[in-house]
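First to last, the protein sequences are chains A and B. The opening residue of the first sequence carries number 4 in this note's numbering; numbering runs sequentially from there. The opening residue of the second sequence carries number 2 in this note's numbering; numbering runs sequentially from there.
Hints may be right or wrong, so weigh each one.
Unchecked claim - Below 27 Å or equal to it, Euclidean Cα-Cα: the simulated DSS-like pairs (lysine-lysine) are:
1. A/K67 x A/K119
2. A/K15 x A/K84
3. B/K46 x A/K119
4. B/K43 x B/K108
5. B/K43 x A/K119
6. A/K15 x B/K108
7. A/K67 x B/K104
8. A/K46 x B/K46
9. B/K108 x A/K119
10. B/K40 x B/K104
11. B/K40 x A/K63
12. A/K46 x B/K104
13. A/K63 x A/K15
14. A/K46 x A/K63
15. A/K84 x A/K46
16. A/K46 x A/K67
17. B/K108 x A/K63
18. B/K104 x B/K46
None of these hints come from the bench; they were simulated from the model.
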Amino acid sequence: VQLQESGPGLVKPSETLSLTCTVSGYSIGNGYYWGWIRQPPGKGLEWVGSIFHSGHTYDKSSLKSRLTMSIDTSTNQFSLKLYSVTAADTAVYFCARVARYSGTYSGAFDIWGQGKAVIVSS
Amino acid sequence: DIQMAQSPSSLSASVGDRVTITCQASQDISNFLNWYQQKPGKAPKLVIYDASNLETGVPSRFSGSGSGTDFTFTITSLQPEDIATYYCQQYDDPSPTFGPGTKVDIK
Chain A
4 VQLQESGPGL VKPSETLSLT CTVSGYSIGN GYYWGWIRQP PGKGLEWVGS
54 IFHSGHTYDK SSLKSRLTMS IDTSTNQFSL KLYSVTAADT AVYFCARVAR
104 YSGTYSGAFD IWGQGKAVIV SS
Chain B
2 DIQMAQSPSS LSASVGDRVT ITCQASQDIS NFLNWYQQKP GKAPKLVIYD
52 ASNLETGVPS RFSGSGSGTD FTFTITSLQP EDIATYYCQQ YDDPSPTFGP
102 GTKVDIK
């Protein structure tokens, strides 16, 4: 299973950051939760949100009003839209799979994309 | 959100040394604690899940222990390829949170 992020690397302040994660080697309609994690330059990891194959989402509360996640099983992709961005949203954005052990979701992220650097700047 | 603290923030050790990192949660998270290794410019890699389970393919020199609020991550014999930043992550709360990281390098 492989994940690959794609989208613009530069977004203007107040505009919308849009990223897509393409999954290969597994049909996302068959299950699993999928997540987004970001990492500002030189800083630690921050969970952004997770989405189930059914479309049910869990969002970081501080981002909830600006965040939309979606999943498209026909293209084997899931996406993130973050509205009204500021410089504080500058980060490497990773997509990842939530692990499942013995059929139970663990909350660990076991497979990651390589990351997409997004800069918010005019 | 549950807050995660890690210590130390950085350490230097010699090849072959035993390295220990601690992680403390702001409230009881049972064993819902994972550890990741991140090398510069790379995505994090899952090392330990559910506090003490070694992810498939990870060398046995890595281990984890603990439950409740206090957790420990150990490298029994540090190798040059272990140079990285290590993060703990809780998922007891519906909002997973990560610790601030521990940077490990070679003395």
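Hinted pair B/K40 and A/K63, Cα distance within 27 Å: Roughly 25 Å between the alpha carbons, so the hint for B/K40 and A/K63 holds.
So if I understand the rule, the pair passes when the alpha-carbon distance is 27 Å or less; does B/K104 with B/K46 pass? Distance of about 15 Å is within 27 Å: holds.
For the pair supplied as a hint, A/K15 and A/K84, is the alpha-carbon distance within the 27 Å limit? holds, 14 Å
Keeping to a limit of 27 Å between CA atoms, is the pair of A/K15 and B/K108 held or broken? Outside the cut-off at roughly 43 Å; violated.
Given pair status - B/K108, B/K43, alpha carbons within 27 Å: holds, 23 Å
Below or equal to 27 Å on CA atoms is what counts here, so check A/K46 against A/K63. holds, 18 Å
Is the Cα-Cα distance between A/K84 and A/K46 27 Å or less? holds, 22 Å
Take the C-alpha atoms of A/K63 and A/K15, compute the straight-line distance between them, and say whether it is at most 27 Å. holds, 22 Å
Holds or violated: B/K40 and B/K104, Cα atoms, limit 27 Å. Status holds; Cα separation ~10 Å.
27 Å limit on alpha-carbon distance, applied to hinted pair B/K43 and A/K119: holds, 11 Å
Is the straight-line distance between the alpha-carbon of A/K46 and that of B/K46 27 Å or less? holds, 17 Å
Do the alpha carbons of B/K46 and A/K119 lie within 27 Å of each other, as the hint requires? Holds - the C-alpha atoms of A/K119 and B/K46 are around 16 Å apart, at most 27 Å.
Going through the hint list in order, the structure does not satisfy hints 6, 7, 9, 17.
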